[in-house]
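Protein chains in written order, with this note's numbering: chain Y, 15 to 338; chain G, 15 to 338; chain Z, 15 to 338.
No false leads were mixed into what you were given.
In silico lysine-lysine, BS3-like type, Cα no more than 27 Å apart, as pairs:
#1 G:K45 to Z:K328
#2 Y:K238 to Y:K176
#3 G:K103 to Y:K192
#4 Y:K45 to Y:K328
#5 Z:K176 to Z:K22
#6 Z:K49 to Y:K49
#7 Z:K38 to Y:K146
#8 Y:K39 to Y:K328
#9 Z:K45 to G:K38
#10 Z:K45 to G:K45
#11 Z:K328 to G:K38
#12 Y:K49 to Z:K45
#13 Z:K39 to Z:K328
#14 Y:K49 to G:K49
#15 G:K38 to Z:K146
#16 Z:K45 to G:K39
#17 Y:K38 to G:K49
#18 G:K49 to Y:K45
#19 Z:K260 to Y:K103
#20 Y:K178 to Y:K38
#21 G:K39 to Z:K328
#22 G:K45 to Y:K49
#23 Y:K38 to G:K328
#24 G:K39 to Z:K49
#25 Z:K39 to Y:K328
#26 Y:K45 to Z:K38
#27 Z:K49 to G:K45
#28 Y:K103 to Z:K192
#29 G:K192 to Z:K103
#30 Z:K39 to Y:K45
#31 Y:K328 to Z:K38
#32 Y:K328 to Z:K45
#33 Y:K32 to Y:K45
Since the hints were made in silico from the structure, they are not lab data.
Each chain, letter by letter, is given below.
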Amino acid sequence: MQHFLSVKDPIDIQGLVKEALLIKKTPYADKHLGKNRTLGLLFFNASLRTRLSTQRAAQNLGLESIVMNVGQDGWGLEFEDGAIMNGNKAEHIKEAAPVIGQYCDIVGVRSFPGLENREEDYSEQVINQFVKHTGKPILSLESATRHPLQSLADLITIEELKTKPRPKVVLTWAPHVKALPQAVPNSFAEWMNQADVDFVITHPEGYELAPEFAGNAKVTYNQKEAFEGADFIYAKNWSSYKDYGKIINSDPSWMVTMEKMKLTNNAKFMHCLPVRRNVVVEDAVLDSEHSVVVQQAGNRVWAAQTVLKNLLLKVMREESPYLF
Amino acid sequence: MQHFLSVKDPIDIQGLVKEALLIKKTPYADKHLGKNRTLGLLFFNASLRTRLSTQRAAQNLGLESIVMNVGQDGWGLEFEDGAIMNGNKAEHIKEAAPVIGQYCDIVGVRSFPGLENREEDYSEQVINQFVKHTGKPILSLESATRHPLQSLADLITIEELKTKPRPKVVLTWAPHVKALPQAVPNSFAEWMNQADVDFVITHPEGYELAPEFAGNAKVTYNQKEAFEGADFIYAKNWSSYKDYGKIINSDPSWMVTMEKMKLTNNAKFMHCLPVRRNVVVEDAVLDSEHSVVVQQAGNRVWAAQTVLKNLLLKVMREESPYLF
Amino acid sequence: MQHFLSVKDPIDIQGLVKEALLIKKTPYADKHLGKNRTLGLLFFNASLRTRLSTQRAAQNLGLESIVMNVGQDGWGLEFEDGAIMNGNKAEHIKEAAPVIGQYCDIVGVRSFPGLENREEDYSEQVINQFVKHTGKPILSLESATRHPLQSLADLITIEELKTKPRPKVVLTWAPHVKALPQAVPNSFAEWMNQADVDFVITHPEGYELAPEFAGNAKVTYNQKEAFEGADFIYAKNWSSYKDYGKIINSDPSWMVTMEKMKLTNNAKFMHCLPVRRNVVVEDAVLDSEHSVVVQQAGNRVWAAQTVLKNLLLKVMREESPYLF
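Please construct the entire structure, taking both the sequences and the accompanying hints into account.
Printed below as a string of structure tokens:
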């Protein structure tokens, strides 16, 4: 694993999940690994869970973390080649990235999409430029189209809670007041398509995910049909990929309710958080035994720690090729 | 001590002060206690002294701290039960608190009052909801109506500097340009009423503290009378409790001056800082031997460290009930 | 070295550079020195390189750092003696500085000039008041008129890369869209005037640096003449000292180009960063072998670590005079 940007980076996602569950049992067993190492965490967008869980994971590994709220603490960055920088961007990624690479051993980057230009967002310019110019492993803390640490935590949670070898996992679109990125559902779909689950996506017409993410998942516009017999309900809002970045429908009847949960096989309710109560899902579900959202958020630590451990080992192998 | 929210949490405040004075002499004796533990520090409002002193205290205990400037770094939180979250609050305390509790071993929270709705502020909704939902010990970093770490530092300072067994301690209102919370005077009164001091409160008519905080303290509208024979003058502005949150009088003659200090028993001048010079107190007092405000601020470290130590021990006792 | 504010603080800058190059080879050899010590980093202005490099340097020394974005996280500070503080400044430096000094062992301060009042900026009021009132060593993270950690990193870079005992070093003004401080060129000039180099400054008429900084450097308005035979080209924009804080000329022909680099002795191109591409210097130079800006930025860690080590040793000597 050179970087951690998508499901394609780990060699074996099932092995990664197993390692995470082991780390969860003995969180401080690798505390020596991070000695004299620094993790830089660059946030182009706000973060609560991702920052706290990654900092905690770093601490468990003895790894010091330095947080940069870019834009807020620092400067606007230019990403275009050949730009004449006479506007409001004070530094080019070609300098910023390798300089940060001089100060850190691993660099985490969070950067949301603009939701205005699909091609631009789906080119993943920001995180890809960090990969190209930093000279150190890059850890995605959620990019324009993916949130792989979330997806790994999701898979860990499913592995912990499943009651049959191949559970039915349903990703359902849910209403929301703002246009949100497709990163979480894209990434969840990408991981589920690699996992040993029966994966179904349900959403109103027009909310189809990009084909490269939806993959071979079953897709239905009938939410109730999807819920039938489900073992896990994963709710999330996203804006349209087709009519890019738009809310084309905010039908409140897509809210997850207790009534709908009764159609499932006593399913666990998952959400990446933050979740808007009584908009995305009703109180009754979140306050019931169905909800595993807090456990799921707790697993963000073990996802981050497992990935950081593997990236640290990669750095150490490269520095000392004769030791490994 | 399950949490640290008010004078009621410690079993024995005099014992806590003694422990703090011992810790001040040997600050690193408990460095092992915080190993592999994380303190979350959530600021809904700005902080200088509280943040720095608590981070230093954590460091002295080997405890890692993670700071969240909520609202600035993260999201607006919803506190109302049953809210339909279609406005600008992206996450409910029912999710945010237990999630933070998954990442931290102790959680500090600072949240000022709105000063518009007395009942709401005095219900201490924010910190009480963290107590209810976090699942970990909560440390008040100043809540709507109390600032107990400040009060403990104040009591440590009085204990260090008193020249008689039962000193006369005067809390005096002083003018200010902005409407300020009652948290510091409330809390100071609450602690002084439990301490072995002769406690007097003086303020202009209409600035009476809430009865549950003023307790049995002597109250006078005559500032000079109050100052006579005082061993400690504790100055602080606050807005009205009766005419809630209002500046009903900003009489500059209530400023603490050198002339007034001459009425005292060579009193020490105390203030929680930040203090507006020549508005709350004149330069001559702050620049004289009377002033102990820097020592008092320094004691914030020992107050925080003593409380954190006790909360850590509580966590450890619960995790390993057979060891304690 | 009591503080680190300018080239005058180190006893021997050549010795400091040698120590830095040694530390670069064995970065963790002094990890015990910072044990139980805290570095406070106060930013009145934004920072990327300085904050990250100083935090990394502190980590390498085992020194914990606490960052304060003043104004953003905290309060506006009053610096005037005798001020009646009824405006928007909530705390006086006379309290803020010694209080911070109670929580930290070394205090770093960044404060840019206002570029409106030359006398005020050149009096270095902010950092000098911290020196006066903090009671702890002060580390300049760039003050109104100097950036000594940058200059030390610059000198380290020149020492590493020079190919003759006394290289020709050229500081050239370059165009920019905003009025910038003179701190970097002032400081660079101050350090070069003490170093074993042939030092030349070139800029359009009217951009003369203050005489106390320019010193005995050769100054020419002919950029091409200056570049001839140069071993190092150090580009930087600055606003006018004479017509204080103004952009009196933004002649694009002063941009550093590959054509001009051909006049040099295969010179290394240096810049403190952030640099505006195709305004200050063209892409071709930054993307060529001439550019050493990333290495130069990397040396900020070793500059900061060497200075912090010396300040720590000074603190320890004062605490334990019989041990040293």
